[in-house]
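A.B. asks: Start from the sequences and build out the full structure, keeping to the hints where you can.
2 protein chains.
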Amino acid sequence: MNPPSTGQAPQTPRNRQRTRADRARQVAEVLRRQIASGSFTSGMLPDERTLIADFAVSRNTVREALGVLRGEGVVERRQGVGTVIVRRPFEHTLERLTGLAETLGTHGEVVNQVRVAGLVRPPGDVARKLDVPVGGRVVHIERLRLLDGVPLSLDLTYLAADIGEPLLTADLAGRDLFGLIEQSIGARLGSASVTMHAVGGDPHTCALLDIPAGSALFTVERLTRLPDGRPVDLEFLRIRGDRLAFRAELVRAGGGAR
Amino acid sequence: MNPPSTGQAPQTPRNRQRTRADRARQVAEVLRRQIASGSFTSGMLPDERTLIADFAVSRNTVREALGVLRGEGVVERRQGVGTVIVRRPFEHTLERLTGLAETLGTHGEVVNQVRVAGLVRPPGDVARKLDVPVGGRVVHIERLRLLDGVPLSLDLTYLAADIGEPLLTADLAGRDLFGLIEQSIGARLGSASVTMHAVGGDPHTCALLDIPAGSALFTVERLTRLPDGRPVDLEFLRIRGDRLAFRAELVRAGGGAR
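Taken in order, these protein sequences are the chains called A and B. In case it helps, the working numbering puts the first sequence at residues 12 to 269. In case it helps, the working numbering puts the second sequence at residues 12 to 269.
No lab work stands behind these hints, which were simulated from the structure alone. There could be a bad hint or two in this list.
[Said to hold, decoys possible] Listed next, with one range per pair, are the computed distances between beta-carbon atoms:
1) B/Ser-48 <-> A/Ile-196: 25 to 35 Å
2) B/Glu-120 <-> A/Val-161: 41 to 51 Å
3) A/Arg-74 <-> B/Val-97: 55 to 65 Å
4) B/Thr-180 <-> A/Asp-239: 22 to 32 Å
5) B/Pro-144 <-> A/Ser-50: 36 to 46 Å
6) B/Val-97 <-> A/Pro-223: 21 to 31 Å
7) B/Ala-67 <-> A/Gly-91: 57 to 67 Å
8) B/Ser-69 <-> A/Asn-71: 54 to 64 Å
9) B/Ala-172 <-> A/Ile-196: 53 to 63 Å
10) B/Ala-224 <-> A/Gly-160: 29 to 39 Å
A virtual CB, placed ideally from N, CA and C, is assigned to each residue, including glycine.
C.D. replies: The structure is reproduced here in structure tokens:
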């Protein structure tokens, strides 16, 4: 590996001697996205010869790239068949605030296993974010969410008590919280602040999500407000990386380019 | 674990017998976000007694929660000092389309180690996305990006040749591609379609990023267009999950609640 450039002055980049591992990784990168976006409608990757021609790399490089994808559990080699796509994540939009069942309801049945539902005294940070006075209570709900019977996410939710209490007798197993809240208050929710991390899951979370400990997860904190700006719904979502991807359209505007 | 509910009819959720592992995980969830958002300005977690009171859980539950965070490399226990925050990710906005140095330049120095830069014949999928005719060429750039000397992301870029060729002699080591493109074309870029995954990194990528194989990464595909809609910049970003988080504001609008 070259030492990092200093970036002090414009320089002419030189192509380095590229290793096969570099090329294989780059082929895997493009294939991974093609798989995720549903480019291969047959459910299989093209054969080696096609990949060699398409990527203009050697047979060994293609094999190493397929090895990377196999290692990630994205594809499997089946004797006499070829390289089969094992699973691709569903895409969830970040364009607007939506619940899981709203987005994925067309892909299959979303079912929620309710693990906790009740009133609790929230930790200080949660109380502050939900604007709950010291000593106040909030509704605490934890649900394991499954799509077509396979775990998708583990959602820990804190709701302002007046918003959350009516939900304790509602269909928490079958419906998104957003829909239940909106039905309960008779109005749409307003907006949400979202932060997303990628982490290797702890053993307990991964066991609940039915994946090996350390598997990659999205962890999302989402604070949702009423249209008047009042924060009412604080969620911590742990989402399986192999089952969901996020999609957004970004616009370049404001600020100076450097 | 309860069997999944069927979700066929509203039901009254019951609180299950909650294990300490559940509680510990939930405490870790809230603490992890407090750490990431910079709540603990001292660089240390509160002591056990404070955490016990704040979360209204037992000493053993707090210890198990801290164990989860230690296992993730988020905190460390230091003899005679307490629980120290090891690292928290920088936040990158998804509000508008920005380059890394634009967003993080105030946090430290972004330097790019240029690994590849040159003209190539692109794979079919890349050519289609960049609207390049069969047999056409594109500029191919790979850069390892470091913030204050520590790897942050590995960025694989394909640029339309007319946009990319002037960049081959530009300061690829010191500047964002967005800034270089805009300077070169004398206009702002338009918009981008972004897809984000969370994956466990392959061994080669992780070695370049200086993290253990299998560590959680964001993998981002970003297709950036000129203001007239022409796609010119296709990027595959591999971003260390421990160094970057994404932030967005979402609005609830349109569509029906279920």
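A.B. asks: Determine for every hint whether it applies to the structure shown.
C.D. replies: Verification of the supplied hints:
no., hint, in the structure
1, B/Ser-48 <-> A/Ile-196: 25 to 35 Å, "holds (28 Å)"
2, B/Glu-120 <-> A/Val-161: 41 to 51 Å, "holds (44 Å)"
3, A/Arg-74 <-> B/Val-97: 55 to 65 Å, "violated (38 Å)"
4, B/Thr-180 <-> A/Asp-239: 22 to 32 Å, "violated (54 Å)"
5, B/Pro-144 <-> A/Ser-50: 36 to 46 Å, "violated (19 Å)"
6, B/Val-97 <-> A/Pro-223: 21 to 31 Å, "holds (24 Å)"
7, B/Ala-67 <-> A/Gly-91: 57 to 67 Å, "holds (59 Å)"
8, B/Ser-69 <-> A/Asn-71: 54 to 64 Å, "holds (56 Å)"
9, B/Ala-172 <-> A/Ile-196: 53 to 63 Å, "holds (55 Å)"
10, B/Ala-224 <-> A/Gly-160: 29 to 39 Å, "holds (31 Å)"
The structure does not agree with the numbered hints 3, 4 and 5 stated previously, though it agrees with the rest.
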